[in-house]
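Top to bottom, those sequences are chains A and B.
Per this note's numbering, residue 1 is the first one in the first sequence, and the count goes up by one each step.
Per this note's numbering, residue 1 is the first one in the second sequence, and the count goes up by one each step.
There's no promise every hint is true.
No distinction is drawn between identical chains; accordingly, a pair holds when it is met within one copy or between any pair of copies.
Claimed, not checked - Below, computed lysine-lysine pairings styled on DSS-like, alpha-carbon distance capped at 30 Å:
#, residue 1, residue 2
1, K68, K200
2, K200, K217
3, K171, K143
Keep in mind that the hints were calculated from the coordinates and are not lab data.
Spelled out from the first residue to the last, the chains are:
There are 2 protein chains.
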Amino acid sequence: MRLLLVEDDDMIAETVLGAMRRSGYAIDWAEDGRAAELSLGNGVYDLVLLDLGLPKKDGIDVLNAYRKSGGAAPVIILTARDAVDDRIRGLDAGADDYLIKPFDLDELAARVRALLRRRTGQKQPVYAHGELTLDPAAHEVTKGGELLPLVPREFALLQALIEEPTRVFTKPELEEKLYGWGEEVGSNTIEVHVHSLRRKIGAEQVVTVRGVGYRLKRC
Amino acid sequence: MRLLLVEDDDMIAETVLGAMRRSGYAIDWAEDGRAAELSLGNGVYDLVLLDLGLPKKDGIDVLNAYRKSGGAAPVIILTARDAVDDRIRGLDAGADDYLIKPFDLDELAARVRALLRRRTGQKQPVYAHGELTLDPAAHEVTKGGELLPLVPREFALLQALIEEPTRVFTKPELEEKLYGWGEEVGSNTIEVHVHSLRRKIGAEQVVTVRGVGYRLKRC
DNA sequence: GCGGTGCTTAAGGAACGCTTAACGGACATT
DNA sequence: AATGTCCGTTAAGCGTTCCTTAAGCACCGC
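From just these sequences and the hints, can you work out the full model?
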């Protein structure tokens with residue numbers, strides 16, 4: 001599950017990035033309107049957190065252009081308390097929700113969950129692969145009906161794999177999915193997470209393709 | 001699925017060509033802006049990898065002309081890290097994504113896959129030749145529906161052959177495909193791999209053309 | 001039969017993945 | 001504030017797989 005934060009203030013950005021990552025989302029950061037449009041062009045994001053009042057290009061313009069180009073991901077607007085006009089224009093332009101600065105991180109997380117759930121409720125119900133099921137909105141994984149307590153990284157890893165269960169993912173690919181391109185990890189993190197994931201869902205569920213990467217077992 | 005690479009640097013071009021072919025795409029190479037425009041005129045390409053900063057004609061110009069003439073294939077821009085302006089101009093001119101040199105080949109493959117899937121909604125290629133099938137994404141080979149456990153080198157070798165099943169590949173050619181020109185191998189490695197591949201897929205599948213090289217059997 | 005070419009086999013060693021443990025940071029609880 | 005727990009990252013050791021090398025053998029064409 002990949003989010004994009006569009007926010008020019010470094011401090012706020014860092015806080016939000018940290019909170020979202022701890023909730024198990026991969027999140028990238030665009031510092032201005034231009035960068036936001038570049039990133040959105042990739043079409044890989046599942047949700048956008050958009051600060052209005054950006055340098056270089058107004059947030060509203062970004063949103064308009066995004067919707068016009070067919071971008072469908074939910075957008076949450078972040079505004080100052082007094083910018084009522086912006087908020088209204090934002091919702092007109094196709095935003096799904098808004099939060100007033102300064103906002104509570106738990107509330108932000110709740111809104112994000114809600115929007116993702118709403119969207120997944122319509123489109124993709126729950127991933128199922130063999131005995132395994134994964135519910136992105138509820139952050140829940142079951143095996144044979146039994147609820148498995150996965151920690152955030154394990155969950156993100158399994159989610160990446162289960163979205164394209166036949167495909168082999170290389171370790172760099174998985175790193176990119178688990179971590180925004182913010183900071184690279186310089187170690188065998190993926191291997192370790194695969195290991196702990198296997199201990200919980202069963203070692204046979206994840207097959208390693210030597211020299212290439214990992215993928216789910218056939219079923 | 002046919003790609004065009006526009007790139008003036010020989011080394012980079014060879015590397016990219018090899019990687020894309022290994023991912024199962026047919027890819028052609030235009031060395032400068034002129035050649036690119038000629039090739040694009042044919043209108044047969046499903047995706048374009050465009051290096052900016054070309055001799056004879058700037059990459060941006062190529063892209064502008066292409067879009068102006070109605071070309072709709074996705075375009076991925078390849079730029080140097082510091083050429084931020086180029087990147088922005090490129091996206092303004094209608095590019096779909098960009099990568100910063102030096103880029104990871106796996107990441108390139110992932111972006112290509114993403115764009116093609118988004119555009120065409122189609123599946124990734126699976127090679128079939130007689131009883132044999134090879135799926136580059138899943139890294140799987142079957143014979144008569146039966147899954148064959150190939151090790152990496154065997155897989156790469158079969159993939160090279162099956163991409164152009166009628167052609168005869170010389171041993172130096174195959175070496176070049178299996179090993180990035182990182183380091184030459186000074187031995188009969190290819191023969192050994194052909195041997196072990198034959199043991200798994202059936203000796204008759206690979207015919208040797210004495211004094212020339214190897215190819216797949218007719219079917 | 002002879003030179004060249006390809007095939008087969010076995011073995012050393014490198015590359016890769018797995019596992020474990022320790023450290024440090026973040027958060028919750030007191 | 002202080003303490004404890006949980007989680008994520010690193011790093012190092014170990015085991016396995018698989019790649020390369022080399023050497024001998026078989027085959028083909030001349």
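Status of each hint after checking the structure:
Taking identical chains as interchangeable, the C-alpha atoms of K68 and K200 are never at most 30 Å apart, the minima being 43 Å within one chain and 53 Å between chains. Proximity of K200 to K217 under the C-alpha cut-off of 30 Å is found in both arrangements, the shortest distances being 15 Å within a copy and 22 Å between copies. Taking the shortest alpha-carbon separations for K171 and K143, both the intra-copy value of 25 Å and the inter-copy value of 28 Å come in at or below 30 Å.
Hint 1 from the list above is the single one not met by this structure.
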